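Engineer: In order, the protein sequences belong to chains A and B.
Per the numbering used here, the first sequence starts with residue 1, numbered consecutively.
Per the numbering used here, the second sequence starts with residue 1, numbered consecutively.
Incorrect hints may appear among the rest.
[To be verified] As a list, the in silico DSSO-like pairs of lysine-lysine whose alpha-carbon atoms are at most 30 Å apart:
id, chain 1, residue 1, chain 2, residue 2
1, B, 15, A, 140
2, A, 56, B, 56
3, A, 121, B, 56
4, B, 121, A, 105
5, A, 56, B, 28
6, A, 28, B, 178
7, B, 113, A, 105
8, A, 178, B, 121
9, B, 140, A, 140
10, B, 56, B, 28
11, A, 140, B, 178
12, B, 140, A, 121
13, A, 140, A, 28
14, B, 113, B, 15
15, A, 121, B, 105
16, A, 121, B, 28
17, A, 28, B, 28
18, B, 140, A, 28
19, B, 140, A, 56
20, A, 121, B, 178
21, A, 113, B, 121
22, A, 113, B, 56
23, A, 113, A, 178
24, A, 113, A, 28
25, B, 121, A, 56
26, A, 178, B, 140
27, B, 56, B, 105
28, B, 105, A, 113
29, B, 105, B, 121
30, A, 15, A, 121
31, A, 121, B, 113
32, B, 113, B, 56
33, A, 28, B, 121
It should be emphasised that the hints constitute simulated quantities derived from the structure, not laboratory data.
Model, not experiment: these values are computed from the prediction.
Number of protein chains: 2
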Amino acid sequence: MKKKPEDRRIGRTRKLMHEALMSLIVEKGYEAITVQDILDRADVGRSTFYAHYRDKDELLLSSFEHLRSMFEQQQQAIIASRRTGNDPEINFILELFRHTGQHQKLYKAFAGKQSGEMVLKYLHRYLYDLLIERTTLLMKSRKTPPVPIEITTHYLVSSLLSLMTWWLDNNMPYSAEKMDEIFRMLTTPAIEAAFGRKVEISDYDKIAGAPGGSVKAFYSHFIDNDCCSS
Amino acid sequence: MKKKPEDRRIGRTRKLMHEALMSLIVEKGYEAITVQDILDRADVGRSTFYAHYRDKDELLLSSFEHLRSMFEQQQQAIIASRRTGNDPEINFILELFRHTGQHQKLYKAFAGKQSGEMVLKYLHRYLYDLLIERTTLLMKSRKTPPVPIEITTHYLVSSLLSLMTWWLDNNMPYSAEKMDEIFRMLTTPAIEAAFGRKVEISDYDKIAGAPGGSVKAFYSHFIDNDCCSS
DNA sequence: TCACTAACGAACACTTTGTTCATCAAAACA
DNA sequence: TGTTTTGATGAACAAAGTGTTCGTTAGTGA
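Required output: the full structure, derived from the provided sequences and hints.
Structural biologist: See the structure below:
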């Protein structure tokens with residue numbers, strides 16, 4: 001499983017620097033941090049830092065990539081565990097909120113108010129790329145949606161990030177499930193409107209049978225929702 | 001009207017520095033700009049810069065304040081010009097998009113992808129404060145909204161800013177009116193959902209008679225909309 | 001045990017910041 | 001118009017940060 005015949009010192013040093021950066025971000029905000037701060041906090045030599053990373057940004061990106069792969073692995077695990085049943089759908093948004101809850105410290109550094117512009121853009125782009133292919137696919141059946149899909153997708157990502165940020169910056173007063181519910185309440189009708197009023201059940205079935213695997217999975221909560229009854 | 005017995009040199013120097021900063025932001029992004037860059041572009045002395053502003057951020061903030069007061073003045077003018085008629089309502093969002101169209105260069109520097117984190121946060125807060133009092137007022141009549149107003153407001157501001165940013169970064173392919181329409185399509189149903197399904201006409205009338213002046217004006221397009229018929 | 005190599009830290013040149021001050025030139029004022 | 005006030009100038013400065021180099025030290029893996 002592991003292909004890591006790596007010097008222990010490397011891992012240890014990197015961990016020290018990552019932890020130092022994370023804690024510093026929460027304390028004083030990413031932009032205000034100097035390499036010297038990281039060196040002091042991690043108690044690591046100057047040349048050591050530059051032996052591993054080109055600059056502050058690369059260190060941060062590296063942390064982000066780590067978190068991302070953790071999330072993706074967890075997603076895969078969940079999907080795999082449900083493959084046996086006949087309902088392999090997962091609620092992507094909910095899982096993201098859950099993962100955020102499980103790794104508050106890291107997410108605070110990346111998506112909290114102290115986070116740097118760079119990661120936020122990176123995160124935005126990451127989520128945008130994840131969604132755009134699915135929205136595009138979802139739109140195949142429709143002629144011209146009232147709102148261009150790029151805008152809708154951009155909008156959706158911003159909405160999601162704004163909820164995440166709010167959640168993190170306000171000590172997470174609600175559960176991940178509640179946040180997911182809020183996201184659904186706010187965006188489900190918007191998606192319907194943007195996609196041209198009412199996503200029909202027939203569309204839903206069509207999509208479900210279309211290639212692309214998890215389209216149905218991801219959009220399931222947008223379409224077969226029950227948030228609008230009651 | 002004007003109370004400005006000010007040395008002409010001051011205004012000239014400041015204008016040079018502001019223009020330099022604006023153009024530099026669009027070119028290389030705010031974070032990457034050094035004071036030296038501004039000095040070179042504006043062709044002013046180093047000591048001159050620091051005689052006017054503490055640092056880069058203060059110069060930017062000052063530019064922002066200028067734009068803000070321009071916008072607010074224009075708003076006042078529009079309201080005043082309609083006071084004679086019996087329909088003094090204005091569509092705040094639409095006016096903001098129009099103002100953006102009229103001052104593309106400035107808005108690109110503030111809300112475009114090259115903009116700095118600082119102004120964006122400032123802008124976010126500015127819009128948030130504008131909205132929160134109105135949403136709070138709007139909610140007075142309801143017991144407990146399904147979604148807390150702070151979240152809804154935070155969400156609305158993020159949505160608006162994300163549309164503005166998208167618009168600016170994609171060479172503004174649509175008219176301000178179209179952007180306003182898109183914003184309405186995406187958020188009107190969300191607001192209704194967040195405020196507890198269907199804002200009744202009775203609520204609307206109540207709000208219209210309530211203190212707070214422009215509440216009705218601002219929310220007019222959310223409530224007496226026609227985007228959901230057809 | 002021993003060869004390897006990561007970590008160290010001092011020293012380096014370089015960039016950027018923010019301040020000071022004597023000097024110059026352009027407004028403002030009468 | 002001439003005089004005074006005041007902003008702009010640029011050189012010089014200390015301070016802080018960046019990113020690199022290299023000989024030395026010490027932990028690691030075999």
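Engineer: Take a quick look at whether residue 140 of chain A and residue 28 of chain A sit within 30 Å of each other, Cα to Cα.
Structural biologist: Violated, at about 46 Å.
Engineer: Check whether the Cα positions of residue 121 of chain A and residue 113 of chain B lie no farther apart than 30 Å.
Structural biologist: Cα-Cα ~9 Å, so holds.
Engineer: Given the hinted pair residue 178 of chain A and residue 140 of chain B, is their alpha-carbon gap at most 30 Å?
Structural biologist: holds, 23 Å
Engineer: Is the straight-line distance between the alpha-carbon of residue 140 of chain B and that of residue 121 of chain A 30 Å or less?
Structural biologist: violated, 37 Å
Engineer: Are residue 113 of chain B and residue 15 of chain B close enough, with their CA atoms no more than 30 Å apart?
Structural biologist: Roughly 23 Å between the alpha carbons, so the hint for residue 113 of chain B and residue 15 of chain B holds.
Engineer: Is residue 105 of chain B within 30 Å of residue 121 of chain B, Cα to Cα?
Structural biologist: holds, 19 Å
Engineer: Run the distance test for residue 113 of chain B versus residue 56 of chain B: straight-line Cα separation, threshold 30 Å.
Structural biologist: The given pair, whose Cα atoms are some 18 Å apart, holds under the 30 Å limit.
Engineer: Mind checking the alpha carbons of residue 121 of chain A and residue 28 of chain B for me, to see if they're no more than 30 Å apart?
Structural biologist: Holds - the C-alpha atoms of residue 28 of chain B and residue 121 of chain A are around 16 Å apart, at most 30 Å.
Engineer: Would you check the hint for residue 140 of chain B and residue 140 of chain A, treating anything up to 30 Å between C-alpha atoms as holding?
Structural biologist: violated, 43 Å
Engineer: Is residue 56 of chain A close enough to residue 28 of chain B, meaning Cα to Cα at most 30 Å?
Structural biologist: OK: residue 56 of chain A and residue 28 of chain B at ~19 Å, within 30 Å.
Engineer: Straight-line Cα separation of residue 56 of chain A and residue 56 of chain B no greater than 30 Å?
Structural biologist: Holds, at about 21 Å.
Engineer: Does residue 178 of chain A pair with residue 121 of chain B here, judged by a C-alpha cut-off of 30 Å?
Structural biologist: holds, 26 Å
Comparing the model with each earlier hint shows violations of hints 1, 6, 9, 12, 13, 18 and 19; every other hint is respected.
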